[in-house]
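Undergrad: Read off the chains here:
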Amino acid sequence: MNPEEAAAKPNPIEQFELHRLWPFEINGVETSFTNASLFMLLAALGVVALMVLATSKKAIVPGRVQAMAEMLYEFVAGMVRQTAGTEGMKFFPFVFTLFSFILIANLIGLVPYTYSVTSQIVVTFAFAVVVISLVVLYGLYRHGFGFLKLFVPHGVPLPVLVVLVPIEIISFLSRPVSLSVRLFANILAGHITLAVFGGFVVMLLGAGVWAALAPIPLLAIVALYALELLVACLQAFVFSVLTCVYLNDAIHPGH
Amino acid sequence: MAIISSAFAAEGEQTTHESVGAGEAHHEGAFPPFQTENFAPQIFWLVIIFGLLYVLMSRIALPRVGGIIENRGAKIAADLGAARDMQSKAQAAAAANDENLRRRREEAQSIGRDAQHRIAAETARQRAVAESEAGEKIRAADERIASAKTTTLANVEQIAVDAAAAIVEKLTGAKIDQSALAKDGATSSH
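First to last, the sequence lines map onto chains A and B. By the numbering used here, the letter at position 114 of the first sequence is numbered 114, and the numbering carries on one by one without gaps. By the numbering used here, the letter at position 19 of the second sequence is numbered 19, and the numbering carries on one by one without gaps.
Some hints here could point you the wrong way.
Unchecked claim - If you want the ones that stay clear, here's a sample from chain A, every Cβ over 12 Å from chain B, calculated:
#1 23
#2 142
#3 155
#4 184
Unchecked claim - Listed next, the in silico DMTMM-like pairs over lysine to aspartate or glutamate satisfying Cα-Cα at most 25 Å (straight line):
#5 A/57 to B/136
#6 B/75 to A/30
#7 B/75 to A/249
#8 A/58 to A/74
#9 A/58 to B/70
What the hints assert, rightly or not - Quick list of the computed label-pair ranges, beta carbon to beta carbon:
#10 A/75 to B/75: 14 to 24 Å
#11 B/75 to A/173: 45 to 55 Å
#12 A/158 to B/72: 53 to 63 Å
#13 B/52 to A/29: 14 to 24 Å
#14 B/85 to A/60: 53 to 63 Å
#15 B/72 to A/222: 33 to 43 Å
#16 B/87 to A/82: 30 to 40 Å
#17 B/104 to A/60: 20 to 30 Å
#18 A/196 to B/75: 46 to 56 Å
For the record, the hints were derived by calculation from the structure and aren't laboratory data. From a predicted model like this one, the values you see are computed outputs, not experimental measurements. Glycine residues also receive a C-beta, built at the ideal position from the N, C-alpha and C atoms.
Modelling step: build the complete structure from the supplied sequences, incorporating the hints.
TA: Have a look at this one:
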């Protein structure tokens, strides 16, 4: 395909491209400030605006934004406490930062012409690696080799264990992959679908009589957008709930 | 992971070879999320931004929000406690008031009763005095009547005796002894 044709045709992948806004490198490693970094920063600033600026008055009777911050706090606190127990509350700041960052990043990504930070596998995989490393390190620190009981379910006869332990190990090793791919794929697929339907609208409008059909994919975009809002919140929630579940494994390795 | 990404990078290279003449070769064709040269800058900035965010959240925001919620809980509990205190105080005051009222009413009733009794006693006493005085007067009057009657009766007898003596004198000319005439009683009653 030649470049002119490529420019004329709507490209649903284009939205994931990285643009070096401020190219530089440190020790031969490229560390350019890109559009992805910009939106990471915006997501973080969004979280800071919600959690730090809106709560600065420390009002007994909260305003709207402070009430939102408190709801978010209590929601995540309840989630951590229910899933990982009271001992899991020491990971509350981490889970909260993770949840709020992913949530705000997902929501910002839904605004047209923005960039979805979580549509990059390297970002979600970095999160997953941090989570799993935390689980392994805390598990070993807390229980020593007792942490390996995680792979040996209670009250299972020996012959079954021979089969079950490798399965448990494989399932544990696949956790970072499933955790990162779930979030990445959901956001990526949603944005591609939205862009594809947007492309349909453009193509139909440029196709003479067929322009009459253009509102149909437009309506589909509206419906999909609602779905994507749900997905954005849900995937942030799923990611942090699974984080809590894995942390719970580190705190209580015996099933 | 490395295997996957290198595979995709290889694929990316192939596609870039196909699209000859495209401006930024590595941006066209290959799927951006799998382009390995995009990984380092994203991870670098993610670590910095997420790290800073974590520090801000764990040091400032979360303790503050937790404090706000805790404060509110404490304030609500304190207010409720104060309200409960006030309520029990009010109830105690109402009970004391009721008790006081009851006592005053009883007092008033007893004062009324006392007054009634006193008045009744006074009335009775006065009536007794009046009655006894009246009785005295009646008795004295009775006595006076009785004495008057006796005197009168005695006078009547004397008159009768005198009259009888005068009649006898007139008729017979003889003087008669009055004491003989009054023999049957009138004189004896003197």
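Undergrad: Look at each hint and say if it fits the structure.
TA: Cross-check of the supplied hints:
no.	hint	in the structure
1	23	violated, 9 Å
2	142	holds, 20 Å
3	155	holds, 35 Å
4	184	violated, 7 Å
5	A/57 to B/136	violated, 102 Å
6	B/75 to A/30	violated, 53 Å
7	B/75 to A/249	violated, 37 Å
8	A/58 to A/74	holds, 16 Å
9	A/58 to B/70	holds, 11 Å
10	A/75 to B/75: 14 to 24 Å	holds, 22 Å
11	B/75 to A/173: 45 to 55 Å	holds, 50 Å
12	A/158 to B/72: 53 to 63 Å	holds, 55 Å
13	B/52 to A/29: 14 to 24 Å	holds, 20 Å
14	B/85 to A/60: 53 to 63 Å	violated, 20 Å
15	B/72 to A/222: 33 to 43 Å	holds, 40 Å
16	B/87 to A/82: 30 to 40 Å	holds, 36 Å
17	B/104 to A/60: 20 to 30 Å	violated, 46 Å
18	A/196 to B/75: 46 to 56 Å	holds, 54 Å
Against the hints set out earlier in the document, violations occur for numbers 1, 4, 5, 6, 7, 14, 17.
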